[in-house]
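Mapping of the sequence shown onto this note's numbering: residues 1 to 663, in sequence order.
Hints are computed from structural coordinates only; laboratory data are not their basis.
Treat the hints loosely; a few may be bogus.
Listed next, the in silico BS3-like pairs over lysine-lysine satisfying Cα-Cα at most 27 Å (straight line) [what the hints assert, rightly or not]:
1. Lys302 <-> Lys329
2. Lys343 <-> Lys394
3. Lys598 <-> Lys453
4. Lys598 <-> Lys647
5. Lys232 <-> Lys339
6. Lys244 <-> Lys329
7. Lys232 <-> Lys257
8. Lys359 <-> Lys330
9. Lys302 <-> Lys330
10. Lys232 <-> Lys244
11. Lys453 <-> Lys622
12. Lys297 <-> Lys329
13. Lys571 <-> Lys592
14. Lys257 <-> Lys299
15. Lys330 <-> Lys244
16. Lys571 <-> Lys343
17. Lys299 <-> Lys453
18. Lys257 <-> Lys230
19. Lys232 <-> Lys359
20. Lys330 <-> Lys394
21. Lys329 <-> Lys359
22. Lys230 <-> Lys302
23. Lys608 <-> Lys592
24. Lys292 <-> Lys302
Simulated restraints on C-beta separations [said to hold, decoys possible]:
25. Pro334 <-> Asp399: 43 to 51 Å
26. Tyr621 <-> Lys453: 27 to 35 Å
27. Ala317 <-> Asp399: 24 to 32 Å
28. Tyr621 <-> Gln599: 16 to 24 Å
29. Ala207 <-> Glu301: 39 to 47 Å
30. Ile84 <-> Gly426: 45 to 53 Å
31. Gln308 <-> Asn444: 48 to 56 Å
32. Asn253 <-> Glu301: 50 to 58 Å
33. Thr309 <-> Tyr281: 47 to 55 Å
34. Asn222 <-> Asn253: 27 to 35 Å
35. Pro334 <-> Val606: 36 to 44 Å
36. Ala207 <-> Ala485: 52 to 60 Å
37. Ile84 <-> Glu301: 47 to 55 Å
38. Ala317 <-> Phe197: 21 to 29 Å
No residue lacks a Cβ here, since even glycine has one placed at the ideal position from N, Cα and C.
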Amino acid sequence: MPSRRHLANAVRALSMDAVQQAKSGHPGAPMGMADIAQVLWCDYLSHNPNNPDWANRDRFILSNGHGSMLLYSLLHLSGYDLPIEELKNFRQMHSKTPGHPEYGYAPGVETTTGPLGQGITNAVGMALAEKVMAAQFNQAQFDIVDHFTYTFLGDGCLMEGISHEACSLAGTLGLGKLVAFWDDNGISIDGEVEGWFSDDTPKRFEAYGWHVISDVNGHEPNEISAAIAKAKAVTDKPTLICCKTTIGFGSPNKQGKESCHGAPLGDDEIALVRENLGWSYPPFDVPEDVYKSWDGKTKGEKAEQEWQTLFNEYQQAYPELASEFMRRKKGELPELWNKTCTKYIQALQQNPDNVATRKASQNALNAYAPILPELLGGSADLAGSNLTIHNTSKGVSADDASGNYIYYGVREFAMSAMMNGLALYGGFKPYGATFLMFMEYARNAVRMAALMKQPAIFVYTHDSIGLGEDGPTHQPVEQLVALRATPNLDNWRPCDQVESAIAWKAAIERTQGPTTLIFTRQGLPQQNRTQQQLIDAERGGYVLFDSADTPELIIIATGSEVHLAMQAAEKLSANGTAVRVVSMPCMEVFEKQSTEYKQSVLPANVTKRIAIEALAKDTWYKYVGLNGVVIGMDTFGESAPAGELFKHFNITEQAILDAANTL
């Protein structure tokens, strides 16, 4: 049987060869962490290469995603459907081996990593998901949810602020099934990190409430194995294993230096590595005995079969719980879902109430949450302002994780990336809230949700200058432009409680991407709608007010400005102007409609158009044209009561009338 070092050298060889062939990449981390990976994957990781989606598998996250060839090598060697041709196509168009691990490309890649710090935060989300699912479904003698989340991370991940947010919360929540391996190689792109990263990392994590195992030789298998065993034995707190490694291990001239971090080693150096490591095989050639030793299929099949036997017994003892577990893991909504939504939305329309849409959001949660146990919410320390706590909310804690609400603290970025981890884990519909302005702290995690097609729900309240006296530091202006520019992200800005309920319904039903729900602080009047308008509201844009004749003017509005458009339209109509008001709570959903429908709402021959929204104007010109008028924000806000601000910035009914007169 090949030695552990020889097995690890297979990872080193595949990694350096793939980077060399691609003429770009990061060989240093895979070569430095190969020994740790060999011990973890061969001796401890519970997974089944024949079924990468097995519910009770251990999760493995490569947070320092630039070392992607480490992960691809591990997947290939252990038997996943990732043939050697894909490793040869590393970083090439449409390969399953892109430059950084991307969810949905290669089987076994649990999340997209690359933006440093987000992988460890996704891992925290997954470990939290495991803890909550276990608390909700496990019964005596039936631990059907019982696995670990392992993550590799480097100095860069630890320097990113998001790691402080996430790891702090992981300690507070007692995520004992989370094990992180710190690749302590002392090197980043700029060289030796001691000049800019002198933290006492073990003490930092001890202060978070983690179990810390220090001074592990990352190239000594026995030390690594002993550390993992110790980590698994401590189940009331997460573990950080501090592994001292040499970046580019095995490279005579480049190991331990930044030169091997992000560039190919070169043919001459690779030849020296082969000689130094005793790896005498050609590029991409792995001996059969090495493949056999790495192969995880037989052990994985056995582990899954044992779990399936346990689950079958669980199913007989607890049929309702088992059925609910399978429903949630499949991502199916309850049978009562459509009936509940229809009944609630109809009741709202028949019983109008003028409320802030953040309150309408809470009301919708009260209506929907009782039949959605998978709804796992939270707020970044703004629950009382975001109104994200519903009548059936129960907080998740270290001692009792059976709840459905997470107190994230002031951690917008970690919250958002943890939500991605929760969504990737499956069995949950995660939502998390902050002010729209503070989306800025979390924007990259929102983008990652869109990139990975994960149905996280980002709730943003206090959506405009309408929040008032807190002033321009808290008043969003340009944020919605950025969100609307993000591919595969649906952004709903409803105008009343009916559209708010519809927006929540759309967000919960969406399976192929995230949704933002953008709500007001201030109260808004409810609009009257026909049955057809209720149906059309789900299409993202619809005619809310229309003249008897063909319209000569169209006013488009969202959120808190819809009622201004309606008031202006009534006056214009009374004065003989054929006017139409289009409420467009979600541009992205509207754009997915048929050409015929979009033409019926915004006919091309009606060129006189006005858009009004108390945010930056940019995205509206595609609807009003260069000759249309957009009423909105060109500057930052001011500190004053909301009513005065709308007048000051001329976002008023009179502004619409003046624009109509000009057109």
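- [ ] Could you work out which earlier hints the structure fails to respect and list their numbers in ascending sequence?
- [x] 4, 5, 6, 7, 8, 13, 14, 15, 16, 17, 18, 19, 21, 25, 30, 31, 32, 33, 36, 37 and 38
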